[in-house]
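S.K.: Taken in order, these protein sequences are the chains called A and B.
If you use my numbering, the first sequence corresponds to residues 1 to 274, in order.
If you use my numbering, the second sequence corresponds to residues 1 to 274, in order.
Calculated from the structure, these hints are not laboratory results.
What you are looking at is a predicted structure, and each value in this text was computed from that prediction instead of being measured.
Be aware that a few hints might be false.
Unchecked claim - Sample of chain B residues at the chain A side, in silico, Cβ under 7 Å:
1. Asp164
2. Val166
3. Ile173
4. Val179
5. Val181
6. Phe182
7. Asn183
8. Asp243
9. Lys246
To be verified - Listed below are the simulated DSSO-like cross-link pairs for lysine-lysine, each with C-alpha atoms no more than 30 Å apart in a straight line:
10. A/Lys74 to B/Lys176
11. B/Lys147 to A/Lys161
12. B/Lys161 to A/Lys176
13. A/Lys176 to B/Lys45
14. A/Lys212 to A/Lys176
15. A/Lys124 to B/Lys49
16. A/Lys97 to B/Lys161
Even glycine gets a Cβ: it sits at the ideal position worked out from N, Cα and C.
Number of protein chains: 2
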Amino acid sequence: MKVKLAENYGFCFGVKRAIKIAENSPGSITFGPLIHNPLEIKRLKNEYKVDVCENIAELSSDKKVVVRTHGITKSDILKLQAENFEIVDATCPFVTKPQQICERMSADGYDIVIFGDINHPEVKGVMSYAVGSVFVVLSPDELLDAKLGDRVAVVSQTTKKESDFVKIVEFLISQKREVRVFNTICNATWDNQSSARELSGNVDIMLVIGGKNSSNTKQLFDICKSGCKDSYLVESVDDLDTDWFKDKGICGITAGASTPDWIISKIVEKVREI
Amino acid sequence: MKVKLAENYGFCFGVKRAIKIAENSPGSITFGPLIHNPLEIKRLKNEYKVDVCENIAELSSDKKVVVRTHGITKSDILKLQAENFEIVDATCPFVTKPQQICERMSADGYDIVIFGDINHPEVKGVMSYAVGSVFVVLSPDELLDAKLGDRVAVVSQTTKKESDFVKIVEFLISQKREVRVFNTICNATWDNQSSARELSGNVDIMLVIGGKNSSNTKQLFDICKSGCKDSYLVESVDDLDTDWFKDKGICGITAGASTPDWIISKIVEKVREI
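Just chain A, with the same shape it has in the complex:
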């Protein structure tokens, strides 16, 4: 099978940085999974003894705590500081930005709208910085009953699709006198998405490699499905099904921002052999 890789795919700046931080902190513990890729988390545990803990109460005070790339809530940071943990912050700088915007804008009297998934750790972190009203939505409909003031600031989860973000903004503009729009979708997301869009329209089958709990991977999968109906989301080589490739000429491959190269290489190799 012939393989074509997307022009931009895989690890983004924030993920690379977070992994470097974790590798430089052997024996540490990350508060929540460092990135949304179970296999890479497993590698960090095996090779660097970097463990994962989901609950502050269970953290042992003799270990460095690494803040995950998606960031954590303001109250959790304050708790860690209050308990004198040694903290290493691996929050992606592109995530720190909406946190700061959220804090500053709500202090300035703006109501905050976050375009994102309320259950995603990044969004939980960002919204925790608001001191006033904050609304987390995935579509304009969810704002119909929102009691928003006349001045609204909007940010986006870093890994979302811009065209969906615009829909939220469009709705707000029609309703509010001032809408302060901060496009916090990160460049890596944008680059990976536009490359995936282009490639998926020119192949017979498309693989999106990434964690099934990864927001940006799911967005890529969504985009690829529009370009190529035979698109599949795979986490590892074990997810591949040779039946998918029957009578197909070219297989396009992209990968989420939290997918390490070693996983991608294995899959590319395997597909080439089919």
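Fit chain B to the supplied structure of chain A, relying on the hints for placement.
M.R.: Frame of chain A; chain B shown alone:
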């Protein structure tokens, strides 16, 4: 001919206010036409001796100067003040708003984008308040080569279509980190436009009454043409052509924000007789 009037049409708050101001200043002179309706300007001259002057040099210092509803440039206001003219400001408060936003935002370091017609007096006035870069555009294409900074504030000419404003905003969001959107399209414009849209889809012929140099009237005409292919822009009863009404059942009528009721009544009467 059966006539149906749009739910909202004609004189807006700013125009009513400006006419009241002019009527209360008999013998005054307006700097540029008070509103974009030649017949109403003529009436103010005949009934209240309110004259029009286009050039500060030609103003006689013994007369009150009425600032037109579209506003004038900051430098013209300063000149009038410097020459001690008695000034009566009939600028629509909905126009004062984008002037103030433009001044404040550019002082705060934002580049300004105005969605509007660079030759319209309102836009000339608004842009004159910018202390930094300002770009006046009617479509996103015009921004392709604009050297805009990373923080942009956007306002709209008060009489423009919201859907076109959104296109400018959408383009800017994709390019810039912060876009501060001030929807300065006035409510009257919005109400008149949405009523025109609704009515034009349910009639056989549609008349839009207003000055041919009136921005909001032209927008209404544009909207009506989409709803009803037999739409006509008329300034007075003299523009009517009975041929238009042949084999038509219902005639819809709307009017721009600067169209006085007495002109509308004459036309309605005439159409009913056809």
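S.K.: Take the hints in turn and mark each one as holding or not.
M.R.: Hints, verified against the model:
1. The interface hint given for B/Asp164 is violated, since its Cβ lies 12 Å from the closest Cβ of chain A, which is over the 7 Å cut-off.
2. Residue-level restraint check for B/Val166 holds (minimum Cβ-Cβ distance to chain A is 5 Å; threshold 7 Å).
3. Annotation: B/Ile173 was flagged as interfacial toward chain A, and the flag holds, the nearest CB pair being 5 Å apart, inside 7 Å.
4. The beta carbon of B/Val179 comes within 4 Å of a beta carbon in chain A, closer than 7 Å, and the hint placing it at the interface holds.
5. Of the supplied interface hints, the one on B/Val181 holds, with its beta-carbon coming within about 4 Å of a beta-carbon of chain A, less than 7 Å.
6. The interface hint given for B/Phe182 holds, since its Cβ lies 5 Å from the closest Cβ of chain A, which is under the 7 Å cut-off.
7. The restraint placing B/Asn183 at the interface with chain A holds, with a minimum CB-CB distance near 5 Å, inside the 7 Å limit.
8. Taken as an interface hint, B/Asp243 does not check out: its beta carbon lies about 39 Å from the nearest beta carbon of chain A, beyond 7 Å.
9. Interface restraint check: B/Lys246 against chain A, minimum CB-CB distance 39 Å, threshold 7 Å, status violated.
10. Pair hint A/Lys74 plus B/Lys176 holds up; C-alpha atoms about 27 Å apart against a cutoff of 30 Å.
11. This hinted pair checks out: B/Lys147 and A/Lys161 have alpha carbons roughly 26 Å apart, not beyond 30 Å.
12. Only pairs whose Cα atoms come within 30 Å are accepted, and B/Lys161 paired with A/Lys176 is accepted, the gap being roughly 16 Å.
13. Between A/Lys176 and B/Lys45, the direct Cα distance comes to roughly 39 Å. Violation of the 30 Å bound is thereby established for this hinted pair.
14. At most 30 Å may separate the alpha-carbon atoms for a hinted pair to count; A/Lys212 and A/Lys176 exceed this at roughly 37 Å.
15. At roughly 66 Å between alpha-carbon atoms, A/Lys124 and B/Lys49 are farther apart than 30 Å, so this suggested pair is violated.
16. Restraint check for A/Lys97 and B/Lys161: not satisfied, since their Cα atoms lie roughly 33 Å apart, outside the 30 Å limit.
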